[in-house]
Amino acid sequence: MPVLVYAESDQGTIKKIAQELISYGRGIADQLGTTLTVAVMTDASAQNLAQYGAQNILNIEHEVLNTFSADTYAAAIAQAATSINADVVLVSSSANSRYLAPMIAVALDAAYVPNSTQLPVSTTPFRIKHSVYTNKAEAITEMTSPVKLIGLSKNAYGAHSFEGSVHTTNFTPELSTSKCRVTATDRATDKVTIADAEIVVSAGRGLKGPEHWHLIEDLANVLGAATACSKPVSDLGWRPHSEHVGQTGKPVASNLYIAIGISGAIQHLAGVNSSKVKVVINTDPEAPFFKAADYGIVGDAFDIVPQLIEKLKQFKALNA
Amino acid sequence: MNILVCISHVPDTTSKINFTDNDTKFDQNGVQYVINPNDEFGLTRSLWFKEQQGAVVHVVTVGGAECEPTLRKALAIGADEAIRVAIPATDGLVVAKALAQVVQQGHYDLVIAGRESLDYNGGMVPGMLAQLTGFAFVNTCIKLDIDGNQGVAVREIDGGKETIAVTLPLVIGGQKGLVEESDLRIPNMRGIMQARSKPLHVKEMSAAAATAQTISFEKPAPKEAVTLVDTVDELIDLLHKEAKVI
Chain A
348 MPVLVYAESD QGTIKKIAQE LISYGRGIAD QLGTTLTVAV MTDASAQNLA QYGAQNILNI
408 EHEVLNTFSA DTYAAAIAQA ATSINADVVL VSSSANSRYL APMIAVALDA AYVPNSTQLP
468 VSTTPFRIKH SVYTNKAEAI TEMTSPVKLI GLSKNAYGAH SFEGSVHTTN FTPELSTSKC
528 RVTATDRATD KVTIADAEIV VSAGRGLKGP EHWHLIEDLA NVLGAATACS KPVSDLGWRP
588 HSEHVGQTGK PVASNLYIAI GISGAIQHLA GVNSSKVKVV INTDPEAPFF KAADYGIVGD
648 AFDIVPQLIE KLKQFKALNA
Chain B
4 MNILVCISHV PDTTSKINFT DNDTKFDQNG VQYVINPNDE FGLTRSLWFK EQQGAVVHVV
64 TVGGAECEPT LRKALAIGAD EAIRVAIPAT DGLVVAKALA QVVQQGHYDL VIAGRESLDY
124 NGGMVPGMLA QLTGFAFVNT CIKLDIDGNQ GVAVREIDGG KETIAVTLPL VIGGQKGLVE
184 ESDLRIPNMR GIMQARSKPL HVKEMSAAAA TAQTISFEKP APKEAVTLVD TVDELIDLLH
244 KEAKVI
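The listed protein sequences correspond, in order, to chains A and B.
If you read the first sequence in the working numbering, its first letter stands for residue 348, the second for the next number, and so on.
If you read the second sequence in the working numbering, its first letter stands for residue 4, the second for the next number, and so on.
Errors might be hidden in some of the hints.
[To be verified] Within a straight-line C-alpha distance of at most 27 Å, the following computed DSS-like cross-link-like pairs (lysine-lysine) qualify: (1) A:K658 <-> A:K555; (2) B:K222 <-> A:K476; (3) A:K538 <-> B:K146; (4) A:K623 <-> B:K247; (5) A:K362 <-> B:K164; (6) A:K638 <-> B:K244; (7) B:K226 <-> A:K476; (8) A:K476 <-> A:K623; (9) B:K201 <-> B:K100; (10) A:K663 <-> B:K247; (11) A:K638 <-> B:K19; (12) B:K247 <-> A:K362.
[What the hints assert, rightly or not] Ranges between beta-carbon positions, derived for each pair: (13) A:D537 <-> B:N152: 36 to 42 Å; (14) A:E408 <-> B:D24: 50 to 56 Å; (15) B:A210 <-> A:V529: 34 to 40 Å.
By construction, these hints were calculated from the structure, which means they are not laboratory data.
Here a beta-carbon is modelled for each residue, glycine too, at the ideal position from N, C-alpha and C.
The task is simple: from the sequences and hints, build the whole structure.
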């Protein structure tokens with residue numbers, strides 16, 4: 348009765364979020380006294396996954412899986428889980444995993460708890476702690492279905508190191524074509540995405556206009572960060588909606604979130620408060636964001652940010 | 004076209020989140036309930052289909068009588084009929100199974116739900132509903148057009164978006180972008196009066212057994228006060244040595 352992890356890959360490389368998930372899966376497998384099997388789509392089968400804790404690899408092969416579709420991927424993962432009699436199935440919190448997980452749950456008639464923040468608090472009964480109310484609280488939920496599906500919050504567990512080797516098996520699911528046909532994809536491949544970034548640099552109306560965003564982009568470049576913005580900035584059309592983070596925008600769970608000229612409306616904080624370290628730069632010492640921040644500078648972005656870029660360049664040169 | 008809009012009755016974002024009964028129940032005291040924001044974008048888009056393409060719009064929620072003001076608000080904004088499934092919304096799978104029965108009985112072509120609710124943030128009902136009914140499914144949907152039985156949906160993906168062609172029947176998990184914030188409607192007096200006489204059906208059914216039950220809640224420890232610094236040098240030093248994030 349092993350644990351199955353679905354490890355996402357992008358063009359043959361296992362995603363960082365999947366490395367963390369494999370380690371988390373190994374943690375649960377050890378707790379249950381069982382083994383961890385990692386399901387990957389064919390192109391990622393050559394990766395060394397033992398280093399994150401994988402013990403077995405199930406290499407899922409089917410031509411339909413060459414492009415992502417939630418329904419076909421969900422069917423493939425559900426069949427893979429059944430083929431090894433997995434009773435715990437784990438997915439990440441990426442957009443694609445959150446898309447396909449509910450379909451896996453129905454296919455396996457499994458209870459599904461997303462946004463898990465740590466290893467199960469107990470295994471008999473099986474209880475999972477997960478964040479609710481947009482990170483304003485945590486709940487402990489007891490899962491009683493024979494197969495349990497859990498989604499791990501990004502950056503909640505971290506990738507751990509393991510030694511060992513893996514045993515790889517091929518698996519061919521029975522699939523029909525997807526009900527959804529992708530006709531166009533518009534994705535900037537040269538930029539760090541908010542979902543993948545370890546550092547996110549975000550700015551609000553305090554920047555006074557889109558013509559000043561070079562400051563944010565330069566700072567992001569120095570840090571290898573993704574750029575984001577507040578809701579008013581995306582509503583004003585200064586930046587695209589895809590950069591809007593907050594309750595109705597994208598969630599952020601990075602290691603470092605730098606908010607520049609953002610006052611910190613509750614809807615914004617709801618979307619970013621699972622980031623580990625938050626830095627706020629704002630002229631208004633009363634800005635609500637300072638209450639939610641770890642570090643802050645009260646000051647003008649047009650004065651602070653250029654200094655920060657210069658000093659960080661020096662810092663990077665010294666610590667490279 | 005028959006559209007079913009799934010609505011979640013949730014605490015307003017600005018609500019203080021507290022728990023009672025030894026941290027086992029959500030404290031409803033003084034909490035304002037609203038239409039879940041992600042659902043409201045979908046509801047507003049459904050009204051566009053009603054006005055421009057002659058669609059019929061039904062709204063549904065799963066829960067007790069306390070959810071009815073939220074359904075009445077949806078009727079006041081312009082939905083034609085409302086359905087309340089009178090079972091407790093214990094877990095996502097229970098809710099999805101109940102909604103699947105409503106969908107099958109109502110001959111809907113399009114089901115619009117929000118990508119996630121503000122209370123449980125599970126994001127599970129739309130996908131479960133699609134799988135249970137065999138409908139096509141597009142999540143994190145930011146644009147939707149329908150022509151006959153053909154739909155074109157735009158989905159937000161990590162780092163961009165993709166366009167998807169799909170044949171109805173269809174379930175979407177919608178969000179901002181389906182309509183803009185400025186398109187959202189506030190019920191006017193005429194709408195509120197009309198809503199009183201629009202049908203609100205209470206549907207009794209036997210609930211599936213819950214397999215995920217919350218035992219207790221806890222709130223995070225209060226945050227330590229922010230460390231304010233005067234210079235960029237100090238900030239970089241703290242981020243490197245103390246926080247270890249650069």
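Violated hints, by number in ascending order, as checked against the structure | none
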